[in-house]
Amino acid sequence: MAGSAGRRVVVVLGCVLAVVLLVGSGVLGHRISVLIDDVAQLAGGIAATVVCGRTATRRTGSERQWRVLMAAGMACWSAGMAVWAFYRSVLDMPLPTASVADLGFFLFPVFAVPALFAFAGVSPRRAAAGARHVWLMSLLDGAVVVGSLFVLSWATVLGAVVHSSESEPIEFLVAVMYPITDLVLVAMIVLLIVIPTIAARYRSQLTLLGAGILMLAISDSIYAYLVAIGAEFMPVLTDGGFIAGTALIALAAATPRTVDDGPSGYSPSTYRPSTYDQEPAPFAYTNSIAGERTQMLLPYALMGAIGIVLAVLHVLTGALDSTVVVLGVGVVLLSVVRQVITLIQNDNLLRSLTLARDELTYRAHHDGLTGLLNRSSFDEHLRAAVNDARAGRKSAVLLLIDLDNFKSVNDRFGHGGGDELLVELARRLDGCVADGVAARFGGDEFTALVHADLDSGRATAVRIADAMRTPHEIDGHPVSVGACVGVVQIGRTHEANPDNTASRTTGVDQDELMRLADRAMYRAKREGKAGVYAYDAVGTLSRVPIDMDQENLGTRPKMVAGEPDPARLMGPPTRT
1 MAGSAGRRVV
11 VVLGCVLAVV
21 LLVGSGVLGH
31 RISVLIDDVA
41 QLAGGIAATV
51 VCGRTATRRT
61 GSERQWRVLM
71 AAGMACWSAG
81 MAVWAFYRSV
91 LDMPLPTASV
101 ADLGFFLFPV
111 FAVPALFAFA
121 GVSPRRAAAG
131 ARHVWLMSLL
141 DGAVVVGSLF
151 VLSWATVLGA
161 VVHSSESEPI
171 EFLVAVMYPI
181 TDLVLVAMIV
191 LLIVIPTIAA
201 RYRSQLTLLG
211 AGILMLAISD
221 SIYAYLVAIG
231 AEFMPVLTDG
241 GFIAGTALIA
251 LAAATPRTVD
261 DGPSGYSPST
271 YRPSTYDQEP
281 APFAYTNSIA
291 GERTQMLLPY
301 ALMGAIGIVL
311 AVLHVLTGAL
321 DSTVVVLGVG
331 VVLLSVVRQV
341 ITLIQNDNLL
351 RSLTLARDEL
361 TYRAHHDGLT
371 GLLNRSSFDE
381 HLRAAVNDAR
391 AGRKSAVLLL
401 IDLDNFKSVN
411 DRFGHGGGDE
421 LLVELARRLD
431 GCVADGVAAR
441 FGGDEFTALV
451 HADLDSGRAT
461 AVRIADAMRT
471 PHEIDGHPVS
481 VGACVGVVQI
491 GRTHEANPDN
501 TASRTTGVDQ
511 DELMRLADRA
521 MYRAKREGKA
531 GVYAYDAVGT
541 LSRVPIDMDQ
551 ENLGTRPKMV
561 AGEPDPARLM
571 GPPTRT
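Our numbering puts the first residue of the sequence shown at 1, with every later residue one more than the last.
Hints in this document: simulated from the structure, not taken from any laboratory. Be careful, since some hints might not be right.
Claimed, not checked - Quick list of the computed label-pair ranges, beta carbon to beta carbon:
#: 1; residue 1: Asp379; residue 2: Gly307; range: 55 to 61 Å
#: 2; residue 1: Arg351; residue 2: Arg526; range: 42 to 48 Å
#: 3; residue 1: Ala301; residue 2: Asn348; range: 44 to 50 Å
#: 4; residue 1: Gly14; residue 2: Asn346; range: 25 to 31 Å
#: 5; residue 1: Asn346; residue 2: Ala301; range: 19 to 25 Å
#: 6; residue 1: Leu316; residue 2: Gly6; range: 24 to 30 Å
#: 7; residue 1: Glu473; residue 2: Arg54; range: 35 to 41 Å
#: 8; residue 1: Leu353; residue 2: Arg526; range: 50 to 56 Å
#: 9; residue 1: Val340; residue 2: Thr317; range: 15 to 21 Å
#: 10; residue 1: Arg203; residue 2: Tyr225; range: 55 to 61 Å
By construction, the Cβ of each residue, glycine as well, lies at the ideal position given by its N, Cα and C atoms.
Could you build the full structure based on these sequences and the hints that come with them?
Structural data, given as structure tokens:
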């Protein structure tokens with residue numbers, strides 16, 4: 001503990017010692033000493049509450065979580081202390097019996113237990129469930145741990161001591177609850193300190209927090225002893241642990257972050273599945289998983305111990321104390337609630353993981369801009385079509401589409417306008433491929449696989465070329481691009497020379513199919529663009545008329561394939 005932090009501890013503890021010595025000396029009289037003692041305890045509790053709460057707003061992750069929980073615990077402790085001070089200093093009652101003050105004191109360990117768990121870190125799984133889930137589960141864990149240890153203590157030793165004590169059973173029961181719960185906290189601090197990675201990162205905070213809880217435990221134990229022997233009052237000097245304990249807890253919360261005392265685990269309120277809370281991923285993951293397993297298994301381990309102890313006692317005595325039964329049932333109910341919440345949250349997490357997996361699967365197989373299949377996914381479909389052709393099951397036609405003069409669209413309207421046009425053209429392409437799949441091959445190239453014969457494939461290619469030429473408005477300007485399409489039937493591929501003077505039948509091969517489709521598509525580009533070329537059954541590469549159906553029917557004329565479209569030439573002035 002270095003520099004100003006160490007000096008701050010010395011000053012605060014010096015003031016606490018001065019107050020304790022002053023009220024313990026008796027020079028001020030009993031009534032004034034009690035009043036100063038109560039005010040000092042209440043001031044310490046309020047100070048710890050405020051310091052924990054305020055410092056929590058400037059921390060993240062586990063550092064914030066334990067401070068928030070300790071602020072809540074100290075607030076409950078301070079409320080109980082206010083009632084206690086009212087009894088002693090205002091009503092002048094020597095030693096109050098079980099009262100509403102004890103409720104505030106007993107709530108302190110319920111918050112303190114999950115606060116100590118926070119030092120072990122919050123795993124990605126729990127943090128991904130949300131802040132509300134983390135807080136709720138932490139509080140339930142604290143209640144189950146404290147309740148289980150009390151049941152074990154009562155069933156083994158405490159019950160017999162209470163029944164044989166000279167003091168009132170309820171009064172003694174309340175008194176002994178304090179050292180028992182404090183013992184739980186001290187034991188947890190010892191376990192945290194012996195874990196090297198946690199101790200190294202939180203040495204100063206754990207030292208001060210552990211010392212504070214130890215001071216509270218000492219005074220609580222003295223109080224339980226005085227109640228057990230039937231004492232009528234508690235000497236103010238023995239309250240020194242309460243004053244020093246709250247001061248040390250405040251100092252622990254005010255400890256500045258150092259290199260070793262950085263954040264651990266994950267922030268429940270800001271966690272994202274791929275973002276660790278400011279620390280190296282391997283350390284964070286290992287540390288948080290170990291902490292989560294401890295926090296997850298400890299309540300069930302204690303419940304198992306309760307079951308074993310109660311079974312042994314029932315065998316030995318033939319009966320069980322009603323207090324044990326009632327408290328044991330309460331602990332079981334808390335554990336059931338805890339388990340139900342865990343099951344619900346696990347189901348929600350499973351649903352989220354399923355949606356995330358589906359989204360990743362979709363992204364792995366589809367183009368991010370157009371939503372069509374990507375190249376790797378299309379290769380899988382083409383491979384399946386080739387296998388079907390080899391087995392003689394069904395035929396298919398491969399189409400390779402390249403847009404004409406698409407670069408001019410990017411030049412005129414920017415990449416935003418070009419992307420908009422690509423999305424629209426991809427939609428049209430997908431609509432033209434009724435029985436098959438379409439994919440974006442890269443840039444302004446697309447490909448399609450049609451499960452049909454060659455004639456149907458050529459007809460699909462014509463529809464695609466015609467659909468691509470339909471103008472689309474970008475920034476209020478109609479823009480049209482042509483498309484060159486190469487067509488090859490899978491299972492009847494032929495290799496021909498560029499002049500079509502010779503050809504030969506070849507086997508079915510993906511690379512060969514793509515090479516032939518590419519050759520047909522570039523033949524269309526050389527012949528004036530906006531055209532369709534296909535290999536027929538005997539391996540001849542020939543042009544397919546764009547207006548093939550109308551040409552056969554002798555109806556209305558259409559624009560000749562490859563002829564510039566006037567709409568495509570319209571656009572805004574060149575941007576400077």
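Hint by hint, here is what the structure shows:
1. Asp379 <-> Gly307: 55 to 61 Å: holds, 59 Å
2. Arg351 <-> Arg526: 42 to 48 Å: About 54 Å separates the Cβ atoms of Arg351 and Arg526, which means 42 to 48 Å is violated.
3. Ala301 <-> Asn348: 44 to 50 Å: violated, 26 Å
4. Gly14 <-> Asn346: 25 to 31 Å: violated, 51 Å
5. Asn346 <-> Ala301: 19 to 25 Å: holds, 20 Å
6. Leu316 <-> Gly6: 24 to 30 Å: violated, 54 Å
7. Glu473 <-> Arg54: 35 to 41 Å: violated, 58 Å
8. Leu353 <-> Arg526: 50 to 56 Å: holds, 52 Å
9. Val340 <-> Thr317: 15 to 21 Å: violated, 33 Å
10. Arg203 <-> Tyr225: 55 to 61 Å: violated, 33 Å
Violation of the numbered hints given earlier is confined to hints 2, 3, 4, 6, 7, 9, 10; the remaining hints are satisfied by the structure.
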